[in-house]
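Here's the letter readout for the chains.
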Amino acid sequence: GAVVSQHPSWVICKSGTSVKIECRSLDFQATTMFWYRQFPKQSLMLMATSNEGSKATYEQGVEKDKFLINHASLTLSTLTVTSAHPEDSSFYICSAPRRLAGGESEQFFGPGTRLTVL
Amino acid sequence: AQSVTQPDIHITVSEGASLELRCNYSYGATPYLFWYVQSPGQGLQLLLKYFSGDTLVQGIKGFEAEFKRSQSSFNLRKPSVHWSDAAEYFCAVGRFLTSGTYKYIFGTGTRLKVLA
Numbered sequence: 001g002a003v004v005s006q007h008p009s010w011v012i013c014k015s016g017t018s019v020k021i022e023c024r025s026l027d028f029q030a031t032t033m034f035w036y037r038q039f040p041k042q043s044l045m046l047m048a049t050s051n052e053g054s055k056a057t058y059e060q061g062v063e064k065d066k067f068l069i070n071h072a073s074l075t076l077s078t079l080t081v082t083s084a085h086p087e088d089s090s091f092y093i094c095s096a097p098r099r100l101a102g103g104e105s106e107q108f109f110g111p112g113t114r115l116t117v118l
Numbered sequence: 001a002q003s004v005t006q007p008d009i010h011i012t013v014s015e016g017a018s019l020e021l022r023c024n025y026s027y028g029a030t031p032y033l034f035w036y037v038q039s040p041g042q043g044l045q046l047l048l049k050y051f052s053g054d055t056l057v058q059g060i061k062g063f064e065a066e067f068k069r070s071q072s073s074f075n076l077r078k079p080s081v082h083w084s085d086a087a088e089y090f091c092a093v094g095r096f097l098t099s100g101t102y103k104y105i106f107g108t109g110t111r112l113k114v115l116a
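Taken in order, these protein sequences are the chains called A and B. For the first sequence, the working numbering puts the final residue at 118, and the numbers step up evenly by one. For the second sequence, the working numbering puts the final residue at 116, and the numbers step up evenly by one.
Calculated from the structure, these hints are not laboratory results. From the three backbone atoms N, C-alpha and C, an ideal C-beta is built for every residue, glycine too. Check each hint, because a few of them may be wrong.
Cross-link-like lysine-lysine pairs, in silico, PhoX-like; alpha carbons within 20 Å at most [unchecked claim]:
no., chain 1, residue 1, chain 2, residue 2
1, A, Lys-66, A, Lys-14
2, B, Lys-113, A, Lys-41
3, B, Lys-68, B, Lys-49
4, B, Lys-103, A, Lys-55
5, A, Lys-20, A, Lys-64
6, A, Lys-55, A, Lys-66
7, B, Lys-103, B, Lys-49
8, A, Lys-55, A, Lys-14
9, B, Lys-103, A, Lys-64
Pair ranges (Cβ atoms, derived) [what the hints assert, rightly or not]:
no., chain 1, residue 1, chain 2, residue 2, range
10, B, Ser-52, A, Leu-26, 27 to 35 Å
11, B, Ile-11, A, Ser-105, 29 to 37 Å
12, B, Gln-2, A, Glu-104, 20 to 28 Å
13, A, Ser-105, B, Ser-72, 20 to 28 Å
14, A, Leu-118, B, Pro-40, 38 to 46 Å
15, A, Ser-105, B, Thr-5, 45 to 53 Å
16, B, Ile-11, A, Pro-40, 17 to 25 Å
17, B, Pro-79, A, Lys-41, 21 to 29 Å
To spell it out: a stretch of chain B is covered by chain A in this simulated footprint if at least three of its residues, at any positions, have a beta carbon under 8 Å from a beta carbon of chain A; those stretches are [to be verified]:
no., segment
18, 58 to 72
19, 99 to 110
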């Protein structure tokens, strides 16, 4: 099946630093990717839609200057948490839709990146 | 407002017992409904989905779900649980986008524990 990878799988950083998380579709191209944030024992909250070659679309309440998204190629989207603070600590998950035979689309999720800000 | 509710945060069942995970949704249009399973270290995996047609949907790993419009529910069932089914389960409503994919609203998840 289609695979979406994320790197790193976990990261610890100091408050005030920036952290970049990569999301790659390994065996298919994705013009759109999605970034989610998952708090412990809570649901996945959609943060933004990453669009290849254009600006990302952010959900209401998500700071676009805080969470920078770049979709530089058809297989790579990056999320940069700028000037990270402890409240940014969370589990970040990306997903990418893949077109299937018959025109349907199925979303494939990455394994997630756990960010801890000290 | 669109929302998905999974009333049970934790469920514990014995191996071999039947399972039902509840999901209720609030959505203004015809819902596209999904169940995903999340295991540690792995991405969410699609178990099954409902778009239209037969309201009883069969999925992978022996799971099935039934769409009941009158109850706004999409409960997930399995007749006999295996120890490997222990995981977090998420119900989701998808809003179709012009790009051909879906924008999801996820429920809060149900953590399943299986007793040997």
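**OP:** Taking the numbered hints from earlier one at a time, note which ones the structure violates and give those numbers from smallest to largest.
**Re:** Going through the list in order, the structure violates hints 8, 14, 15, 18 and respects the others.
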